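Please build the complete structure, drawing on both the sequences and the hints.
First to last, the sequence lines map onto chains A and B.
The numbering of the first sequence is the working numbering, which starts it at 37 and goes up by one.
The numbering of the second sequence is the working numbering, which starts it at 6 and goes up by one.
Wrong hints could be hidden among the right ones.
[As the list claims (entries may be wrong)] Within a straight-line C-alpha distance of at most 25 Å, the following computed SDA-like cross-link-like pairs (lysine to any residue) qualify:
#	chain 1	residue 1	chain 2	residue 2
1	B	Lys47	A	Leu47
2	A	Lys73	B	Ser119
3	A	Lys58	B	Leu44
4	A	Lys73	B	Pro13
5	A	Lys78	B	Phe66
6	A	Lys104	B	Val120
7	B	Lys109	A	Leu82
Derived from the structure by calculation, the hints contain no laboratory data.
Being a predicted model, the structure only gives us computed values, none of them experimental.
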Amino acid sequence: GENVEQHPSTLSVQEGDSAVIKCTYSDSASNYFPWYKQELGKGPQLIIDIRSNVGEKKDQRIAVTLNKTAKHFSLHITETQPEDSAVYFCAGGSRYSTLTFGKGTMLLVSP
Amino acid sequence: EPEVTQTPSHQVTQMGQEVILRCVPISNHLYFYWYRQILGQKVEFLVSFYNNEISEKSEIFDDQFSVERPDGSNFTLKIRSTKLEDSAMYFCASKLGQGTPNEKLFFGSGTQLSVL
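Have a look at this one:
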């Protein structure tokens with residue numbers, strides 16, 4: 037089955053800095069890679085996703101890149117704000133498989 | 006915006022007791038899931054459900070677990086005889102379909118299960 041590794045486990049940045057979270061996956065059949073943000077006491081919320089036919093996708097301050105050859109994908113948050121503080125999970129899967137999640141990255145943005 | 010609803014938000018039970026966690030998926034979604042998250046750990050897949058039957062389950066989902074869609078709106082997870090290690094946050098999730106763009110998985114806010 038799929039195995040998703042995520043790094044770092046914690047990330048502290050100053051407000052306005054950029055944050056990068058990296059994930060690798062093992063199953064070459066995986067072609068769908070969402071990112072979820074989980075705030076304290078809440079369920080994971082989908083913030084951006086990318087499919088394997090695309091190398092990069094942007095949505096305002098958030099971008100995701102995918103290197104299918106190397107089997108890794110990354111989340112980039114620019115101009116971080118305190119409200120970006122949360123746990124971020126990457127996940128991988130395909131049309132016919134369930135999502136496998138990484139272990140999560142706790143992002144702390146200090147004002 | 007439509008959302009996945011879970012009840013209760015917190016459930017405390019004694020070891021060996023049965024619990025039922027309830028979920029109302031987004032109304033036009035066809036695929037339903039249960040995940041769990043032990044404190045500080047990653048989200049783990051338990052079971053997926055489509056067309057009134059289990060389509061996939063993990064090793065965690067043993068004979069003590071069962072799922073049901075008793076009517077057109079509810080989706081339940083039953084743990085027959087709870088163990089201490091069942092203590093976790095349980096998330097229900099649903100999606101419209103498979104393939105672009107229906108594969109987006111939406112999560113509820115979870116039920117925190119504490120087994121004493």
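Each hint, compared with the structure:
1. B:Lys47 - A:Leu47: Roughly 16 Å separates the two Cα atoms, so the pair holds.
2. A:Lys73 - B:Ser119: holds, 24 Å
3. A:Lys58 - B:Leu44: Within the cut-off at roughly 22 Å; holds.
4. A:Lys73 - B:Pro13: Given that 25 Å is the threshold and the Cα spacing comes to 22 Å, the pair holds.
5. A:Lys78 - B:Phe66: holds, 23 Å
6. A:Lys104 - B:Val120: With Cα atoms ~42 Å apart, A:Lys104 and B:Val120 exceed 25 Å; violated.
7. B:Lys109 - A:Leu82: Answer holds: B:Lys109 to A:Leu82 is near 8 Å, not above 25 Å.
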